[in-house]
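**Student:** As a plain string of letters, each chain reads:
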Amino acid sequence: MRAVLAVLGKELREAFRDANVLLYSVAFPLLLYPLLLWGAVQLLMLQAGVVEQQAPRVEIHAPAALMEVLLEPPLTPGGGGLGALQADELDALVEADGADGGVTVKYRSTRGRSERARELLEERLDDQRDLALEQLAVAAGLPTDALCPWPILSIDDAGRERVALDALARVIPLLALLTLIISIIYPMVEVITGERERGTLETTLVAAVPRWAVVAGKLLCASITGLLAMVGNAVAVWATLSGLASEGGDGLLALGPLLSVELGLAVGALVLLAPAIAAWMGLVLLPARSFESGQNRGTLVMTFALALAVPCLIPSLEPGWAWAAVPVGGTAMALRGAIMGQLSAGPILLTGLVNLALVGLGMFLGGRVLSREDYLFGHATPRWLAWLEHGR
Amino acid sequence: MIEVRGLTKRFHSPRVVTAVDDVSFRCEAGAIFGLLGPNGAGKTTTLRMLATLLAPDEGTATLSGCEVRQDPTGVRGSIGYVSTTTGLYGRLTAREMITYFARLQGVTEPRRRSDELVERFGIGPFAHVRCDRLSTGMRQKVSIARAVVHDPPILILDEPTSGLDVMVARSFLEFVEQARDEGRCVLFSTHIMSEAERLCDRVAILHQGRILADDTLPALREASGHRYLEDIFVHFVQTARDEDA
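Sequences listed follow chains C and L, in order. With the first letter of the first sequence counted as 1, position 165 gets the number 529 in our numbering; the numbers rise by one all the way through. With the first letter of the second sequence counted as 1, position 36 gets the number 42 in our numbering; the numbers rise by one all the way through.
Chain C extracted, bound-state conformation:
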């Protein structure tokens, strides 16, 4: 344990003096990502405001009475036909003089202004249809609402909080894993490949410490860096979203309803996933002979791990025992299930155990590789991984 702590202390000291680690594991998660989120939301709000202020241009081919009703502000008259619509000189084209008596609204869903024109036109056309039906009913001596279809009122039982929670349950695990993995890559490349490239590992391996202690110290360093970055990022994103929500008068980001034993267990599984990812990333990095090759390998592991986590975004896949044993994906599903209150403690505990087993196996194999003499002084890269080596 003494040796593990000594290696850990030294690695942390070195890592937090490295510009790359500070950039990717501190500055980006704590500042850049929340800033990008805030900027994106502001941009969307700005765009929505601009669309709101712009009067949509519409061209209407309809009887004069209908045209007069449809063309009330904020809609303004335009012209040029379909060509103008395609050239962004017109926002909607209404044709109400067809032989079948129907009304066609042509618009472009990719443009906000055109979408708004469609919404306004459909509202006004609905009103006109209801008015016409009332007039027909009166003419036939029927009650005014006799010809009107029965009103349909849909009420979402989930409520806004539940909808927001569902969205968060899908996004939070992915965001947490993304930050965790990105923040682990640089410290791992630094402590494994960087040390090998600089030739400093030889002096450490001559010290009277077991190889597994050296591996454990390095893994702990990368795991702690990744977890700190993930927690920092979560707090920063939460603060950003809370700020934005309070601007809109909403209170959707209260954490109280989320807290549960299952969520605690899922967070525990996530904490264990950090050294598991570090251990397996370390295994892939160990044969790398240059920093560049190490970065390639780190990116490969990140892509693979995120691919395993993506299923938590798929609505039809429900968290459960089947997912619990899947590396990375199991943790993502455990977080999603715990946030949604859909998962019991059993599968989450299994996920934690799987992560623990991954840590143990990764450390054992890492220690075995470090004990191989051709690791330090030869070519320990397996042939199937040799294509990752730069310049080969």
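Be a bit skeptical, because a hint or two may be false.
[Said to hold, decoys possible] Where chain L lies over chain C, by a calculated footprint (3+ residues, C-beta under 8 Å):
{"no.": "1", "stretch": "391-399"}
{"no.": "2", "stretch": "452-460"}
[Unchecked claim] Beta-carbon label-pair distances, calculated as ranges:
{"no.": "3", "chain 1": "L", "residue 1": "112", "chain 2": "C", "residue 2": "721", "range": "29 to 35 Å"}
{"no.": "4", "chain 1": "C", "residue 1": "728", "chain 2": "L", "residue 2": "66", "range": "26 to 32 Å"}
{"no.": "5", "chain 1": "C", "residue 1": "391", "chain 2": "L", "residue 2": "176", "range": "56 to 62 Å"}
Keep in mind the hints are simulated off the structure, nothing from the lab. Glycine residues also receive a C-beta, built at the ideal position from the N, C-alpha and C atoms.
Since the structure of chain C is already known, use the hints to place chain L on it.
**Tutor:** Just chain L now, with coordinates in the frame of chain C:
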């Protein structure tokens, strides 16, 4: 203190190369043993086997009573190893570097020990400077302090003066002599004849992985009929080549 018997190492990359071939020697406490040979003679491979970084294919090596394959941790605890590259961590300061190795080696009071070595090797003026900003001479001082932080009875020095200027190399050689006077067993590899001539109580001439001669300098002079070590070295290498031919 160091006893090597029939040590052999082969590399398979891709054809089999015997880097060290049946090497045997003995080095006592309070003595400097020089491994003398040109580049590629097998000096570094021999020292790496003794430092437990490489596993021998045949033979045994015992350091302070610990055999390299049976008790590698025991061997590592009894040696101080300095290689051609100083192997310092660039983002640690000189003092942090020494303290780290003191902790790693299980020294009971690492900070106090670090202070002692900073004082002893004159590291004080640059103790708070990061290692990647130190000059070659400063780096070598830190490297030595790192190697002796746990007060090892054996020092294994692999061409330690390679690339050093005259003044730094001179102060390093003084340290080696001092280590011998303190009763340490020093195994020293070099291809610089003058260093070996000045320092070594006993010299082994290594060529193509084999020991051609192993004796005290006066005995080697007598056996070869030459006065200077360079001539003695050439004599034994030439004789070996003639025999091989």
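**Student:** If you check each hint against the structure, which ones fail?
**Tutor:** Of the numbered hints, 1, 2, 5 do not hold.
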